[in-house]
Structure formats: C-alpha cells, structure tokens
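Single-letter residue listing:
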Amino acid sequence: MDILIIGLNHKTSNINERETVSKKLLTPELRREFIEKLLELKDEAGRQLIKEIAVLTTCNRSEFIMNLSYWTQGKGGHAIKNYIAKYFFDDLEKEKILYMYLNEDAVRHLFTVASSLDSMIIGEPQILGQLKGAYNEACKFNTSGQFLNKLFHKAFNCAKTVRTETKIASSAVSVSYAAVELSRKIFNGLEDKKVLLLGAGEMGKLTVKHFIKYGVKNINIANRTAEKARRFVEESFEDKEKTYLNVIDFSEYYKNLPNSDIVLCSTGSEDYILKYDDILPVIKMRKQKPLFLIDISMPRNIDPEINKIPNVYLFDIDDIGKMIENNIEIRKREADAAIDLINASVAEFMNWKESLNTVPVIISLRNKIKNLLESELSRYITDEKEKDIVVNSLTNKLLHEPTMLIKKSSLNPDGINSIKTVKALFNLDAEDYSEVSKKHISETVSELAADSEYNDTKIKLVK
Amino acid sequence: MLKELYLIPLILYIFSYLVFALKDKKYYKFFIYLIYAGFICQTIIFFTFLGIRGFAPPVHIDRFVFFNAWILMLIVVIFSFFYKVEYIPLYITPLVVLNLIIAFFVPHVHIKPVMPNTDKIILFTHILLILIGDSLFALAFIVSLIYIFQERKIKSKKNLKILVMPSRSGYNLELLDNINYICLKVGFPFITIGIVMGIYLSSSLFNTFLIVKPIEIMSLITWLIYAILLHERMAKGLRGKRAAVFGIIGFMLILASLGLSFYFFPAFHGFE
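In the order they appear, the protein sequences are chains R and A. Sequential numbering of the first sequence, starting at 1, is according to my numbering. Sequential numbering of the second sequence, starting at 1001, is according to my numbering.
These are computed hints drawn from the structure, not numbers from a lab. These figures come from a predicted structure and were not determined experimentally. One or more of the hints may lead you astray.
Rough simulated footprint, nothing fancy, chain R against chain A, three-plus residues with beta-carbon under 8 Å [said to hold, decoys possible]: (1) 1173 to 1179; (2) 1238 to 1252.
Straight line, CA to CA, 25 Å or less: simulated SDA-like cross-link-like pairs of lysine to any residue [what the hints assert, rightly or not]: (3) A:K1153 / R:I283; (4) R:K275 / A:G1237; (5) R:K37 / R:S69; (6) A:K1241 / R:P258; (7) R:K194 / R:L280; (8) R:K308 / A:E1216; (9) R:K353 / R:K423; (10) A:K1157 / R:L257; (11) R:K194 / A:M1234; (12) A:K1241 / A:S1080; (13) R:K275 / A:L1238; (14) R:K322 / A:S1156; (15) A:K1236 / R:Y254; (16) A:K1155 / R:V282; (17) R:K228 / R:K284; (18) A:K1157 / R:G189; (19) A:K1241 / R:I283; (20) R:K284 / A:K1241; (21) R:K308 / A:S1080; (22) R:K209 / A:Y1171; (23) A:K1236 / R:N307.
Over the 12 Å line for every Cβ pair with chain A, so calculated as not near, a few chain R residues [as the list claims (entries may be wrong)]: (24) D2; (25) R230; (26) F292.
Glycine included, every Cβ here is placed at the ideal spot set by N, Cα and C.
Kindly generate the complete structure, drawing on both the sequences and the hints.
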C-alpha cells in the first residue's frame, strides 16, 4: 500500500549517468524486461515486493513509480534501490545518485514532476505527455493496478490545474525556445538560414515550430523511415508551416549538411550520428560559415568532440539546461503558487489513501456481521442461494451508515478515535484484522470502488 | 585655440556612460542621444578650427589627436546608423575618450613644417586617408575583441545571459564578423592609397623611393598583414575567430607604429 518512487534526474546526476540509464530503457522491450526483473524481487519470506509499477523515462529523468505490497517494509525499499543501482551501473556506489521517495513525499514528487515544476525548464509542456506515455505503457504491460491508476489520474488532473491556474506555462522558456535564442546569438537574422531536422519527434516538432515563428523558411526533415517523417509533417504542422517543410531521404542528410546552417538532432539512435570526422569536411565545404548543431536527443547523437572544431557550435540538452537556469529565478514566483495547488492535490490523494486504511476495519466488521447472520439464518433458510442474497442485502443495509462514518472519520485527524470505538464495540481483534487485510484486500478495494469516484478511473481504463 | 573645448564632448561621453551604467532599458535611448550629442559637439569644434585655419592639415599635435577622435567618431556614427547596434558606440567611445584626454593633456606643440615644398592637399589627403583607414581598423579591432569574447562564451557555454540591448539584434557572431569584414574591405583601400601617398611625399621630399625608418617598416608590415587577411577572407573564406585574431594583431601594429611615430620620433615620421 506504500507508494515508492526511485529515480534520477538532471539535478542528481550528470548526463553520462542518465545516458547509461536511458540506454537500458530505450525500447519498450528493454523496459518490459526491466519491469519483469523488478517484479521478481522477493522479500525473505519469498513474497513479491512490488505490486504495481510504471517506468518514466525522458531525456532528463528516469523514474520508477511503484506501489509496494502490504508486507514490504523499509528494508524492502532499500533492497529495490540497491537492485536498481546494480542493474544500471554495476556499482553500488552509484546508489547515491538515486533518490527515493515514500508515500506522501512520493505523491508530492510525482505531482511536481507532472506539473513540470521539477523539470529542467520549469513549465515546459512535454513532461505531461511523457508521463501519460509512461502510464499507458504500464497499462499495456498490465503492471498498473487500481492504485497507480488513481495516482496517475490525480497527477494529470493536478498538472492541468497548475497549468491553467498559474502563469507557469504561459511564458514558458522551453528547450525549443532556448535553441532559437541561441541561434540568434550566432546568426544575424534567421530568415535566410536553412534548418535540417534529423528525427521526427515531439521535441523536434516544437523547435521547428519556434524556428518558423522566427522567420526560418527552409527546413529539411530526415527520418529513418521516410513514411513516419511524412506523417509527422502531415499531422503536426499547419498548412502554412508545411510550405516551409521538406522531407528528404535519410540517406541524403549528409549531403545536405553543407547547405544547412542549423542542424537539429533528435533521433532515437544509440550511437553518434554525426562524428568528428564527418563534420571536418563539411565546415570546409561551407567556407567556414558557422554551423550550429543542437542535440536534443538522449542518448546523445552528436559527438561532443565536434564542439572543438572552429566555427561549429554544438549544444546538447545539458548545455541548454544550464543556459536556461538563469530564467528559473523568474519562474520561482509562479512556482510558489503552483506548489500550493500541488499540496492541495497531494492532501486530497493522501486522504483517499488513508481512507483505504480503514478498509480492513470495514472488512472485518462486514465479515463479523456476515458470519453472525449466516449462522443464525442457516437455521431458517435452507436454500443456499436465497440465504446468500438475504445475508448480503442485510449486511449492506445494516452496515451502510457505519461504513460511511468510518470512511468519513478517516478524513480528519480525530477520526482514528471513532475507528477505535468501532473496533472496541464489535471486538474486532487486531490480529484478525491484519490477517483479513492480506486476504481480502483486493476484493474489498473493488467493493469500495462501487461507491467512490474510483469507478470512473476503472471505466476510463476499460475504454 | 582653447583646449578646454575638448572637455565638452569628453564630459558628454562620460555622462553617457553614467547613464548606461544605470542598466535600465529606459535610458539606453538617452545613452545613444548623448553619444550623438558628443559627436555633434566634436564636429562643431572641428569645423570651427577648420574655419580659422582654412583648408590645411592640423599642424598642432593636440589638434591632430582631436581630428583623429573626430574621424573615429564619424565612423562609429555611420556604422551604428546602418547596423542599428548600440554596442559599437558603447565599446568604441572609450577609444574616442582616450583620444580626447590625450588631446587635452598633450602640449600645444606645433608640428614642424617639415615639408614646406610639398602639395598641402596631398599631405592633407594622406593624413585623412590614413586616419579613416586606421579608424576603420580600430572598429574592426573592437568588433574582433567582442567576437572573441562572445565566441568563447558560446563555445564554453558559460554565462550566456549577456546584456540585452533594446535593438535585440544583440551580439550575434555573424553580424560581428560581417562588420569586421566590411571594415577591412573599406579600410584597406584607404590605407593603401594613404601609404602610397606617403611614399610619394617622401620620395618627392628626399628624392629617394623609400627611406628605411622603423615607422615605414611597421606600416608596411601592417599593410601586409591586412593584405593577407583580406586575401584569405576573399579567396578561402577565412572567417570567425582566426579573422578576429588577425584584426587584433593588425591593429596592435597600427597602435605601435603610431606610438612610435608620435612619441619616439616627435619630429614627425622621424624626418629631421
């Protein structure tokens, strides 16, 4: 029942470390393999440690959002963390670049990430889409259960509130905008410049849109599958923008380099696409005219050594992040307002989670009443089916008010007393209670769902 | 004439810097206006002198320096008018200010009328052309310096938040390089013709083609440096940092030769 987040981001690790991690999580197959290995983790008693898991990987972070099993203790969390450090780095020392959040902290962290407050560029819009992608994938892998569903939907909701109610995104300085600003520091006017985009992705799309806004009229797009590039152009751009775009064959990108002033690279390749030796002749052919390379892919696609060539300027995602750090101060004010909103959402979610803690009480109460009714009624009703119906409806009717009271009481701090009272009144044994919780929890969660908003989540999921 | 007049543009320039130091975008306009006002002052003073003297080269050292400052400022104003970039006056006015200070403190010494027989118009054009050429190279020097600093900043990716100018054209490398190139292209013919005239003057005076004096050799080396630079740029497309370094070396040589000619051979070019 505990939410655990383990991960690393641009604040705790450097680009090489993130690269190592993201290389091992590059494709859905790799991620699936990793998830399966994590799910196999067992505690001393041989019980599964992790119940639900979702993996979020972006260029600036890799995070594993987990719902732990009921019996998993603090030791289990550390075991998971050690395992992750070992899996990616083969080095337990690296454990210190991983952060670990539990329960409320974890929820707050996830909501902060979703609201793009934790991003390298506060307020950038991509992270929400990436989070949605992570969630969808977890659904596809069947590793997201009711608990993570609720958590993610709440996170999306929170992000939306933050976005609409604060100005955090309205004046967003994104990586794409920063790329345009940088080119304006190198080139005098972008109107006559040629842009080459390698790889058709979300980040590339945003950057190209920015370039068009600032007057670039000649953009070539190359993707490994030309079909995808064409679809990308068709789907992502408006008619007016399309007139500036030109899809070229991926094999031709090298021929196009001498004519391009700005090269944007955002492919999913594992290796360097542009190497040091590739660029040397290009810059000669360009008669030393400046060439601006932007590498927004992770793992990096352009050899960092290239920056040493005169008149070639290479910026990777880390460099751009550092450049934008200055703007963060301005955003902090808005971020404060956003933090209030996030705290409200976190409190809401934690309340919901707390209410789940009353579930075992409700279950044992129900069982007690059910057992009593059953034993008493079996004297008068012989038909099993009929008896079941009567028992169920009686239990529901009898316990409707007490159940509501227990659920409500969990929402305020004094509620614990009323729960204690209920326990004392019906002599609900503590041992019995924990036994029950293990056994029937999943059953009850779905029962509970019947009268909570939980249902909506489920319906959405089914759709 | 009154040397105190030099202080008027000097004070205006210093004041404009104080305005700039406020670092408020609202005042950038005033900064530019003050620079222009200083230039107009200089022009008025210059033409007053010229009106008194008639069409003759400045024959006092202080006026000569003042003349130099005026030419420099003229080029700054023309360039900042065409390119609409505020940093040209921002960084080159210190040179002008330096010239004005020198003009103020240098004794009002009459340069010896070394060439009584020569054509005064040729002498005047010789001085004018060399000064215009040198001023253009001075601009190229400043622009090269900015280029090198800026390029280093971009390459090392540190501290990229640079002073934002109202024109928003900012310090982009391409523009800096273009200005550098234009200065070179325009300045080089001026210098060439100026040097040719100087050689003509000296040969008509001494009846020898070339007198081997340090200043002559320095000028020729400078000219050669700029000639190589121009050739490389035109033929091979030399650009960016290397061109900027060339520009800086060239201007250093100009300064050295000017310094030599003024301070080590006060009797003008060493002709006694």
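Checked hints:
1. 1173 to 1179: holds (count 4)
2. 1238 to 1252: With 5 residues in contact (Cβ-Cβ under 8 Å with chain R), the coverage given for the stretch 1238 to 1252 of chain A holds.
3. A:K1153 / R:I283: This hinted pair holds, its Cα atoms lying about 21 Å apart.
4. R:K275 / A:G1237: Answer holds: K275 (chain R) to G1237 (chain A) is near 24 Å, not above 25 Å.
5. R:K37 / R:S69: 16 Å, holds
6. A:K1241 / R:P258: 20 Å, holds
7. R:K194 / R:L280: 19 Å, holds
8. R:K308 / A:E1216: Violated, at about 40 Å.
9. R:K353 / R:K423: 20 Å, holds
10. A:K1157 / R:L257: 23 Å, holds
11. R:K194 / A:M1234: Judged against 25 Å, a Cα distance of about 23 Å means the pair holds.
12. A:K1241 / A:S1080: 22 Å, holds
13. R:K275 / A:L1238: OK: K275 (chain R) and L1238 (chain A) at ~23 Å, within 25 Å.
14. R:K322 / A:S1156: Status holds; Cα separation ~12 Å.
15. A:K1236 / R:Y254: 23 Å, holds
16. A:K1155 / R:V282: 19 Å, holds
17. R:K228 / R:K284: Violated, at roughly 32 Å.
18. A:K1157 / R:G189: 21 Å, holds
19. A:K1241 / R:I283: 14 Å, holds
20. R:K284 / A:K1241: 15 Å, holds
21. R:K308 / A:S1080: Not satisfied, since the Cα-Cα distance of roughly 33 Å exceeds 25 Å.
22. R:K209 / A:Y1171: 24 Å, holds
23. A:K1236 / R:N307: With Cα atoms ~22 Å apart, K1236 (chain A) and N307 (chain R) stay inside 25 Å; holds.
24. D2: 41 Å, holds
25. R230: 33 Å, holds
26. F292: At roughly 9 Å from the nearest Cβ of chain A, F292 (chain R) sits no farther out than 12 Å, so the non-interface label is violated.
The earlier numbered hints that this structure contradicts are 8, 17, 21 and 26.
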